[in-house]
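In order, the protein sequences belong to chains B and L.
According to this note's numbering, numbering within the first sequence proceeds without interruption in unit steps and concludes at 581.
According to this note's numbering, numbering within the second sequence proceeds without interruption in unit steps and concludes at 237.
In short, the hints are calculated from the structure, not lab data.
One or more of the hints may lead you astray.
What the hints assert, rightly or not - Here are the computed lysine to aspartate or glutamate pairs in the EDC-like style, where the Cα-Cα straight-line distance is at most 20 Å:
no. : chain 1 : residue 1 : chain 2 : residue 2
1   : B       : LYS434    : B       : GLU224
2   : B       : LYS181    : L       : GLU108
3   : L       : LYS2      : B       : GLU301
Unchecked claim - Quick list of simulated restraints, FRET-style, between CB atoms:
no. : chain 1 : residue 1 : chain 2 : residue 2 : range
4   : L       : ASP120    : B       : THR63     : 29 to 39 Å
5   : B       : ASP441    : L       : ILE25     : 32 to 42 Å
6   : L       : PRO135    : B       : LYS434    : 54 to 64 Å
7   : B       : LYS413    : L       : ASN66     : 49 to 59 Å
8   : L       : ALA206    : B       : GLY335    : 54 to 64 Å
All of these numbers come straight from a predicted model, not from anything done at the bench.
Each residue gets a CB set at the ideal place from its N, CA and C atoms; glycine is no exception.
Read off the chains here:
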Amino acid sequence: MEILKYDLLIIGSGIAGLRAATAAAWASGGKISIAILSKIQAMRSHSLSAEGGMSAVLYPEKTNDSLELHAYDTVKGSDFLADQDAVQVLVEYAPKEVRYLERIGVPWTREPDGRIAQRPFGGMSIPRTTFAADKTGFFIMSTLFSETRRFDNIHVYHEHFVTKFIIENGEFRGVTAYDLKRGEFKFFYAKAGIIATGGAGRLYRFTTTAHSTTGETLAYALREGIAIKDMEFVQWHPTALVPSGILVSEAARGEGGYLINKDGERFMKKYAPQKMELAPRDIVSRAILTECMEGRGFQHESGMCYVGLDLRHLGEEKINKRIPFIRELAHKYAGIDALSEPIPVRPAVHYTMGGIHTDTWGRVLTADGKWVRGLWAAGEAAAVSVHGANRLGSNSLSECSVWGRLTGEQAAKYVLEQPPLSSPDGKVVEIAKKEEARVFDKLLHKEVNAPMPYEVKRQLNDIMEEHFGPFRHGSAMAEGLAKLKKLRDISSYRVVDSSKVYNQNLKDALEVDGMINLALVIGVGAYARTESRGAHYRLDYPKRDDVNWLRHTVAYLYGGEIKLTYTPVTITKWQPEERKY
Amino acid sequence: MKSLVVKVKRFDGSKTWWQEYKVDISSEKISVLDVLIKIKEEQDPTLAVRYSCRMAICGSCGMVINGIPRLACQTLISELGDSKIIVEPMWNHKVIKDLVVDLEPDFEKVKAVKPYIICDTKEIYEKDVEFGQRPEELEKYYNFAYCIQCGLCMAACPVVASHERFLGPMALNAAYRWSADSRDQGWKERAKIIDREEGVWSCHLAYTCSAVCPRGVDPGFSIQLLKAALIRRTKKP
Ligand SMILES: Cc1cc2nc3c(=O)[nH]c(=O)nc-3n(C[C@H](O)[C@H](O)[C@H](O)COP(=O)(O)OP(=O)(O)OC[C@H]3O[C@@H](n4cnc5c(N)ncnc54)[C@H](O)[C@@H]3O)c2cc1C
Numbered sequence: 001m002e003i004l005k006y007d008l009l010i011i012g013s014g015i016a017g018l019r020a021a022t023a024a025a026w027a028s029g030g031k032i033s034i035a036i037l038s039k040i041q042a043m044r045s046h047s048l049s050a051e052g053g054m055s056a057v058l059y060p061e062k063t064n065d066s067l068e069l070h071a072y073d074t075v076k077g078s079d080f081l082a083d084q085d086a087v088q089v090l091v092e093y094a095p096k097e098v099r100y101l102e103r104i105g106v107p108w109t110r111e112p113d114g115r116i117a118q119r120p121f122g123g124m125s126i127p128r129t130t131f132a133a134d135k136t137g138f139f140i141m142s143t144l145f146s147e148t149r150r151f152d153n154i155h156v157y158h159e160h161f162v163t164k165f166i167i168e169n170g171e172f173r174g175v176t177a178y179d180l181k182r183g184e185f186k187f188f189y190a191k192a193g194i195i196a197t198g199g200a201g202r203l204y205r206f207t208t209t210a211h212s213t214t215g216e217t218l219a220y221a222l223r224e225g226i227a228i229k230d231m232e233f234v235q236w237h238p239t240a241l242v243p244s245g246i247l248v249s250e251a252a253r254g255e256g257g258y259l260i261n262k263d264g265e266r267f268m269k270k271y272a273p274q275k276m277e278l279a280p281r282d283i284v285s286r287a288i289l290t291e292c293m294e295g296r297g298f299q300h301e302s303g304m305c306y307v308g309l310d311l312r313h314l315g316e317e318k319i320n321k322r323i324p325f326i327r328e329l330a331h332k333y334a335g336i337d338a339l340s341e342p343i344p345v346r347p348a349v350h351y352t353m354g355g356i357h358t359d360t361w362g363r364v365l366t367a368d369g370k371w372v373r374g375l376w377a378a379g380e381a382a383a384v385s386v387h388g389a390n391r392l393g394s395n396s397l398s399e400c401s402v403w404g405r406l407t408g409e410q411a412a413k414y415v416l417e418q419p420p421l422s423s424p425d426g427k428v429v430e431i432a433k434k435e436e437a438r439v440f441d442k443l444l445h446k447e448v449n450a451p452m453p454y455e456v457k458r459q460l461n462d463i464m465e466e467h468f469g470p471f472r473h474g475s476a477m478a479e480g481l482a483k484l485k486k487l488r489d490i491s492s493y494r495v496v497d498s499s500k501v502y503n504q505n506l507k508d509a510l511e512v513d514g515m516i517n518l519a520l521v522i523g524v525g526a527y528a529r530t531e532s533r534g535a536h537y538r539l540d541y542p543k544r545d546d547v548n549w550l551r552h553t554v555a556y557l558y559g560g561e562i563k564l565t566y567t568p569v570t571i572t573k574w575q576p577e578e579r580k581y
Numbered sequence: 001m002k003s004l005v006v007k008v009k010r011f012d013g014s015k016t017w018w019q020e021y022k023v024d025i026s027s028e029k030i031s032v033l034d035v036l037i038k039i040k041e042e043q044d045p046t047l048a049v050r051y052s053c054r055m056a057i058c059g060s061c062g063m064v065i066n067g068i069p070r071l072a073c074q075t076l077i078s079e080l081g082d083s084k085i086i087v088e089p090m091w092n093h094k095v096i097k098d099l100v101v102d103l104e105p106d107f108e109k110v111k112a113v114k115p116y117i118i119c120d121t122k123e124i125y126e127k128d129v130e131f132g133q134r135p136e137e138l139e140k141y142y143n144f145a146y147c148i149q150c151g152l153c154m155a156a157c158p159v160v161a162s163h164e165r166f167l168g169p170m171a172l173n174a175a176y177r178w179s180a181d182s183r184d185q186g187w188k189e190r191a192k193i194i195d196r197e198e199g200v201w202s203c204h205l206a207y208t209c210s211a212v213c214p215r216g217v218d219p220g221f222s223i224q225l226l227k228a229a230l231i232r233r234t235k236k237p
């Protein structure tokens, strides 16, 4: 087992991780050593699938927009579960981040005078979503990755699958990782860390997220005593392509697209008469599924019910300029030309509002609110929380960039204040060696009686789709929980591949192993929350209940079981009101 | 239900062999990547394939399918028009395992051309201003910024095949993309890096790079634009 020493480890190379790296590199004046670890090749992180854009108030004097309005939209969109002090940080820093990204070379779509163009997005009362055609995530990702190349003190470790966080006496000490390419196990020993490992959409089957968005690191966090916040809030994006689940960005509706049922009716007028197609995602998703349940959807040969996303009236020029990728994807993966036919879409899992419990500045917390010294979390993996019970489209890229930067700067400062890193003591090396044995000796032998990881994942996906979907019910969830607990009892997997080099079969087993625990956090939290709020909708408790539930769910592991506690929502300006669009 | 025969060129670190899998599919509107994942999950978990986004934007799954370098997720069975599919790892790269090749040398070449805005770095990190860019300035480099670093152009380039030090289309395209950006002042520095035999001058204009690019970037053209800028000694390409 090789031991590598770094001042700062960044786990994850999406927009949050890469931004943390450039911020830390600059803030430390090049003085600290930084490693970025990514389980896939670093520039291929899921962030690059983001299409629609990044929210920020850029030209308030020209557009009549204000930070206050962006904050209010976000809080209302969150169904009042967002922490309003964190939202304030988001809206203040987002414009700075858009401009930073502009200076490092993101090809933002422009107005004729050279200003950055902005488009409308769901739940935003003014067009404030900045974009680079409909490949915004790709352009931000590739530009940020390029920017890391400027700094000699940033080392990138592609395809290093992290298997464990090492925390001793309430302090972060490093991680262990499986280097797929070389087939080696490594211990990264460090002074500080930033977890930027993204979401967990692949807990479900029908999802817009990349195959790599599996969320196992959140389960590692649980194992080390870190708490997970608000995980029951899972976002369904209204418009995923049928049957693949590939996203059709909200930009399609932002640019003026309609949703129609099989009678050709713009049905959103029944659900959100003012905002129509641009109501927040939880509302539009439930509207589509209601149309389907009431027999007004189309039927796909795969058995899926869907509605039409109609872009025909936008015209060829607008489609080709503003949303070319949508046209390309619909053509490729659904075989239709958006110029002449509506695109077949239905809701799919898209985003996890919940994540690692942190304070407003991204410092990682235990269930009793103590900071795990030296450790931060940023991006989708973290719950700061700015999205509360429902994220507004385009607020995530801003969040990733803002908290990437903030955690990177704090970590750099922290590292500079610490004494130089000595050699790891025997105890932590022992922990790392034990982990190596778990991965290479225990998992990597052909346990013939154990189930294949793929079989377990299939079952897990079935349970999540069936019992923890967009419409939830107490009795169905109780059944689901029982099934999940049974899955959790699986203690080993049948890994057929016995090689060390690029053993994806082993990696897949490690992923699934973490996913089950995270699924349980969703299940336990959702079952306990006897109300409907944002994306968490219960048929048996269809109303929001501010008296009992205006609070964050905080899950942690105790004696091998998931326990819940609750923390208050920070309200600075806006008292909860009815959410109408 | 349709039956496919998928022939995969495999490598386990020491030996290479061809392996055939029979796969039943219910629709031809699925991708080669879907089929490979199906093989992995249902028949042979030892098969190594790199993949992630499955929507032709992350650049993970470049490979040679029926003789042409392409992305597996972007190649539908219906497009191949054949029930026999032959899959091999990308050419011109060291194979790590099965369909997974080492792209890190390509990434290092991109790094060598300084793929970032060259200017006073303090302006970037310490001033909260917009540099600004008019749509016509954006147009100059926009199409070349679409590169997803999948490596297919490197796999298809006949020069890369025999000339290991040649920077190749991926890195040279990056040199153009960054130099042509109105915000960049790095052309002088980059010109030195590419105005060499291992730089633009080894390109023989085969244009196979542009032919296989899954994102419609035209690296063959960007290389010619770089050559023109060098010959004409322009201030910016
Ligand atoms: C299709 C799609 C479109 C979207 N469009 C938009 C949009 O237009 N606007 C918007 O605001 N939001 C959008 N979102 C949401 C947004 O893209 C994500 O929330 C955001 O990109 C997450 O970024 P991240 O940096 O937190 O993590 P990610 O980009 O998901 O990166 C996670 C990183 O963690 C690494 N990692 C994970 N586990 C491990 C491990 N065990 N070991 C090592 N490394 C690990 C991965 O390799 C990866 O580098 C979209 C989401 C989807 C699915």
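Hints versus structure:
1. B:LYS434 with B:GLU224: Holds, at roughly 15 Å.
2. B:LYS181 with L:GLU108: 16 Å, holds
3. L:LYS2 with B:GLU301: 16 Å, holds
4. L:ASP120 with B:THR63: 29 to 39 Å: With Cβ atoms ~31 Å apart, the hint holds.
5. B:ASP441 with L:ILE25: 32 to 42 Å: 38 Å, holds
6. L:PRO135 with B:LYS434: 54 to 64 Å: For PRO135 (chain L) and LYS434 (chain B) the Cβ distance comes to about 58 Å; the hint holds.
7. B:LYS413 with L:ASN66: 49 to 59 Å: 55 Å, holds
8. L:ALA206 with B:GLY335: 54 to 64 Å: 33 Å, violated
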